[in-house]
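*Asks:* Chain by chain, the residues run as shown.
Protein chains: 2
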Amino acid sequence: RVLLGKCRVSTAERGIQAENYVKHAPVTLLRPGVDTEDSVRARFEKVIRDAQDSICAAISEIDGKPFHQDAWTRADGGGGITRVLADGNVWEKAGVNVSVVYGTMPPEAYRAATSNATVNKNKSDAGRVPFFAAGISSVMHPRNPHCPTMHFNYRYFETEEWNGIPGQWWFGGGTDITPIYIDEEDMKHFHGTYKAVCDRHDPAYYERFRKWCDEYFTIKHRGETRGLGGIFFDDLNDKEPEKLIAFAKDAVNHVAEAYCPIIKKHINDPFTAEEKEWQQLRRGRYVEFNLVYDRGTTFGLKTGGRTESILMSMPKTAQWAYDYEPAAGTREAAFLEAARNPRVWV
Amino acid sequence: RVLLGKCRVSTAERGIQAENYVKHAPVTLLRPGVDTEDSVRARFEKVIRDAQDSICAAISEIDGKPFHQDAWTRADGGGGITRVLADGNVWEKAGVNVSVVYGTMPPEAYRAATSNATVNKNKSDAGRVPFFAAGISSVMHPRNPHCPTMHFNYRYFETEEWNGIPGQWWFGGGTDITPIYIDEEDMKHFHGTYKAVCDRHDPAYYERFRKWCDEYFTIKHRGETRGLGGIFFDDLNDKEPEKLIAFAKDAVNHVAEAYCPIIKKHINDPFTAEEKEWQQLRRGRYVEFNLVYDRGTTFGLKTGGRTESILMSMPKTAQWAYDYEPAAGTREAAFLEAARNPRVWV
Chain U
1164 RVLLGKCRVS TAERGIQAEN YVKHAPVTLL RPGVDTEDSV RARFEKVIRD AQDSICAAIS
1224 EIDGKPFHQD AWTRADGGGG ITRVLADGNV WEKAGVNVSV VYGTMPPEAY RAATSNATVN
1284 KNKSDAGRVP FFAAGISSVM HPRNPHCPTM HFNYRYFETE EWNGIPGQWW FGGGTDITPI
1344 YIDEEDMKHF HGTYKAVCDR HDPAYYERFR KWCDEYFTIK HRGETRGLGG IFFDDLNDKE
1404 PEKLIAFAKD AVNHVAEAYC PIIKKHINDP FTAEEKEWQQ LRRGRYVEFN LVYDRGTTFG
1464 LKTGGRTESI LMSMPKTAQW AYDYEPAAGT REAAFLEAAR NPRVWV
Chain R
1164 RVLLGKCRVS TAERGIQAEN YVKHAPVTLL RPGVDTEDSV RARFEKVIRD AQDSICAAIS
1224 EIDGKPFHQD AWTRADGGGG ITRVLADGNV WEKAGVNVSV VYGTMPPEAY RAATSNATVN
1284 KNKSDAGRVP FFAAGISSVM HPRNPHCPTM HFNYRYFETE EWNGIPGQWW FGGGTDITPI
1344 YIDEEDMKHF HGTYKAVCDR HDPAYYERFR KWCDEYFTIK HRGETRGLGG IFFDDLNDKE
1404 PEKLIAFAKD AVNHVAEAYC PIIKKHINDP FTAEEKEWQQ LRRGRYVEFN LVYDRGTTFG
1464 LKTGGRTESI LMSMPKTAQW AYDYEPAAGT REAAFLEAAR NPRVWV
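Respectively, the protein sequence lines represent chains U and R. Taking this note's numbering, the leading residue of the first sequence gets 1164, the next gets one more, and so forth. Taking this note's numbering, the leading residue of the second sequence gets 1164, the next gets one more, and so forth.
Hints were generated in silico from the structure; no laboratory data involved. Keep in mind that the hints are not guaranteed to be accurate.
To be verified - Only pairs whose alpha carbons sit at most 25 Å apart, straight line, appear in this in silico DSS-like list of lysine-lysine:
id : chain 1 : residue 1 : chain 2 : residue 2
1  : R       : Lys1439   : U       : Lys1479
2  : U       : Lys1479   : R       : Lys1479
3  : U       : Lys1374   : R       : Lys1284
4  : R       : Lys1479   : U       : Lys1439
5  : U       : Lys1228   : U       : Lys1428
6  : U       : Lys1412   : U       : Lys1358
7  : U       : Lys1284   : R       : Lys1465
8  : R       : Lys1284   : U       : Lys1465
9  : R       : Lys1351   : R       : Lys1374
10 : R       : Lys1383   : U       : Lys1479
11 : U       : Lys1465   : R       : Lys1374
12 : R       : Lys1412   : R       : Lys1209
13 : U       : Lys1284   : R       : Lys1284
14 : U       : Lys1358   : U       : Lys1284
15 : U       : Lys1383   : R       : Lys1428
16 : R       : Lys1479   : R       : Lys1439
17 : U       : Lys1465   : R       : Lys1465
Stated by the list, open to error - To spell it out: a stretch of chain U is covered by chain R in this simulated footprint if at least three of its residues, at any positions, have a beta carbon under 8 Å from a beta carbon of chain R; those stretches are:
id : segment
18 : 1242–1256
19 : 1444–1457
20 : 1470–1479
21 : 1483–1497
Backbone N, C-alpha and C define an ideal beta-carbon position, used for all residues, glycine too.
Given these sequences and hints, build the entire structure.
*Replies:* Right under this line is the structure:
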């Protein structure tokens, strides 16, 4: 791999060190002596690294192709493990990233990372914000237009005192699904799985996080959602960390159960060239959402995160057509209707 | 065409009225009684509408297919004319937009529209900014990977007093080229045409605008430019409007001369599947630049501009590959080298 002088400079200018590639993923990406074994940071790292292993295993078993791994560290500590399955039998592109990063970030990146009102109301941009962030994120784009794209992301964030705002900690994340066509039974299974997860931790969570998901994944300039929902939460610190780490763990550990049965059901569905084209147009919408609105993407690009890991979420192929509107009564029109007026599936 | 209730709401929330489609483009999109015939506004509208006609005619003559036209107006006045040539013989997607819009915009949109330091340093967000904007913008994506993509945009902006900042006026724009492979002779022709245009108006312009173009079209998270440059300028009001309108007119009227000979030269070049794939990856970069950094796109989406007109700049097809780096010594590597270290062509 050729690493570029220019990219390194650009990364350094954004205040974060360039990455060094390592042959084997380190046992831990945490700070020796700082992040003790019983800290939330250390326990969350274990949750996401275990989840990366088990989810990649489940996906590879269906696809028949292994994930390629790139592991990298930064001189000051932290790093990431990126796993990508490209040109698979079932998935055109699937990736699962884990990263643990810390340092200081510019205020605009802090604002991109949180929807916390205090942080966003404070207009002074003085100084940089000390932070710690650990997360897992994943997008999987299948070939077959009857197999949905799926995304999940679970993260834990800490900031230290900055600009008169006390240090904060919070969990964020969610799992959401982006079919190309509606299959009601699939949506009941997917949403049902996450409703059950939520209900085990708080009876109000599913309703709250389902709505938040539809709001968050809205492509504002289109007036439509990216997909058909799931759960999404951010700035979550309404219970003690102990309880929230248990919730995040339960949620990330149900990704395979929520998604894989849907893939197995449609893996051999026949499809037409028109259906493939509709998939490509929806992939274009996926790109629009991620590059224009997605907080993880904008945060990552602004803080000098590893571009190839962040943009692993891009589909392999996407299309745009000028002013395309499917004919009334078609399955394509039914999908758009659900994207414009989000439904309750369970 | 089905127009969506939800989209209308979304547009209205952003403070700009929804568009009404009209069968024929109005003779003028200006304000009767306000924008008199000899105003810069009226004269600039004529420049861009004439250019839209002549450039579309030149492109259609090469392609063999006509442009489709959508014209729209807003109840309070203003509107646009969008012309698209989709699935042509030579161009996969080509579009030329003209729009004249006025009203008030949120401060964040004002900041997206200008790089003026005073506007951007003032952190107060009080009130909305009264503005007038007229512009032509165009992107043309050919099928053949040996035929470059080309973009141009020329605009005139006025704001009225806002938040203690006096009203401003300025011209902005440029023409730039995005080949997939380097052809030095083509670059000499393209840049040479614009150097000659610039030199007729100010001996310092070409050098200044060529550099500005490379800076502006940098994909920061990649450390590379979108294409191989051209000219770019913004917030231009260093001469009287009379002289700047003459410069903008000269520049937009040389689009066809700068671009069409290059297309004609390569129109029948044979190409391989690998060359087509490299084109697709570069198209992915085009999408990244436009959705993440392009001022016209972000301004348009934030002010509730017509999404289909703004995103007409998207290629029909694009691809992403994880961590792809062309082999040393290839033509692909040579292109990347020029994108990472912009060259001087004339």
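*Asks:* It remains to establish, for every hint, whether it holds in the given structure.
*Replies:* Against the structure, the hints:
no., hint, result
1, R:Lys1439 to U:Lys1479, "14 Å, holds"
2, U:Lys1479 to R:Lys1479, "14 Å, holds"
3, U:Lys1374 to R:Lys1284, "37 Å, violated"
4, R:Lys1479 to U:Lys1439, "14 Å, holds"
5, U:Lys1228 to U:Lys1428, "19 Å, holds"
6, U:Lys1412 to U:Lys1358, "15 Å, holds"
7, U:Lys1284 to R:Lys1465, "20 Å, holds"
8, R:Lys1284 to U:Lys1465, "20 Å, holds"
9, R:Lys1351 to R:Lys1374, "16 Å, holds"
10, R:Lys1383 to U:Lys1479, "21 Å, holds"
11, U:Lys1465 to R:Lys1374, "24 Å, holds"
12, R:Lys1412 to R:Lys1209, "10 Å, holds"
13, U:Lys1284 to R:Lys1284, "17 Å, holds"
14, U:Lys1358 to U:Lys1284, "33 Å, violated"
15, U:Lys1383 to R:Lys1428, "42 Å, violated"
16, R:Lys1479 to R:Lys1439, "13 Å, holds"
17, U:Lys1465 to R:Lys1465, "20 Å, holds"
18, 1242–1256, "holds (count 3)"
19, 1444–1457, "holds (count 5)"
20, 1470–1479, "holds (count 8)"
21, 1483–1497, "holds (count 6)"
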